[in-house]
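Let's have the full structure, built from the sequences with the hints guiding it.
418 is the number of the first residue of the sequence shown in this note's numbering; add one for each residue after it.
Hints are computed from structural coordinates only; laboratory data are not their basis.
Even glycine gets a Cβ: it sits at the ideal position worked out from N, Cα and C.
Certain hints may be false.
Quick list of simulated restraints, FRET-style, between CB atoms [unchecked claim]:
id : residue 1 : residue 2 : range
1  : SER467    : GLU426    : 37 to 47 Å
2  : SER419    : ALA486    : 45 to 55 Å
3  : LEU441    : SER419    : 43 to 53 Å
4  : ASP464    : ALA425    : 35 to 45 Å
5  : GLU424    : LEU530    : 50 to 60 Å
6  : THR497    : LEU427    : 36 to 46 Å
7  : LEU461    : PRO540    : 12 to 22 Å
8  : GLU426    : GLN484    : 46 to 56 Å
9  : GLN484    : GLN443    : 25 to 35 Å
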Amino acid sequence: MSDDELEAELRRAIELFDPVPSHLLQIAVEAFTLRTLDAELAELVFDSLSGPSQVRGEGQPRILTFQGAGLTVDLEVTVTATGGRVVGQLMPPRHLEVEVLGGRPVTLAADDLGRFIYEDVPPGPFSLRCRLGDATVVTEWITV
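The following block contains the structure:
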């Protein structure tokens, strides 16, 4: 048996006995879809997890700040027993739609102060996409 034949047999065995869960496959497809030229990846400029552990106590929310295309996205991510909760604000404040990409895609409306809340976030990775007229900004994937 050649190396190629062995590899093909191993792939078939894995697909049969340990297939990729459909929800993970969907998340991977969505992550790949984000590779668009019209979207700017917002830079993570602050993450409360990257500081000293004394700064963030057990059960405290994770604070993240992303910047891109003149937009700042501040997030407070709280882990709950069933997943999480995200409170966000866009700066400068603006009323627009925030698309949540991931396990359960949803579109949120930011109010006139740029605030939005995503309740009952399912466990796993998610990303946010904001369309600003001619620019689109996406955050990197965040895991709850």
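Checked hints:
1. SER467 x GLU426: 37 to 47 Å: Roughly 44 Å apart at Cβ, these two residues keep to the hinted range, so it holds.
2. SER419 x ALA486: 45 to 55 Å: holds, 50 Å
3. LEU441 x SER419: 43 to 53 Å: Roughly 31 Å apart at Cβ, these two residues miss the hinted range, so it is violated.
4. ASP464 x ALA425: 35 to 45 Å: With Cβ atoms ~42 Å apart, the hint holds.
5. GLU424 x LEU530: 50 to 60 Å: holds, 55 Å
6. THR497 x LEU427: 36 to 46 Å: Holds, since THR497 and LEU427 (Cβ atoms, about 40 Å apart) stay within the stated range.
7. LEU461 x PRO540: 12 to 22 Å: Given about 21 Å between the Cβ atoms, the range holds.
8. GLU426 x GLN484: 46 to 56 Å: With a Cβ separation near 49 Å, GLU426 and GLN484 satisfy 46 to 56 Å, so the hint holds.
9. GLN484 x GLN443: 25 to 35 Å: 28 Å Cβ-Cβ, so the 25 to 35 Å window holds.
The earlier numbered hint that this structure contradicts is number 3, and it is the only one.
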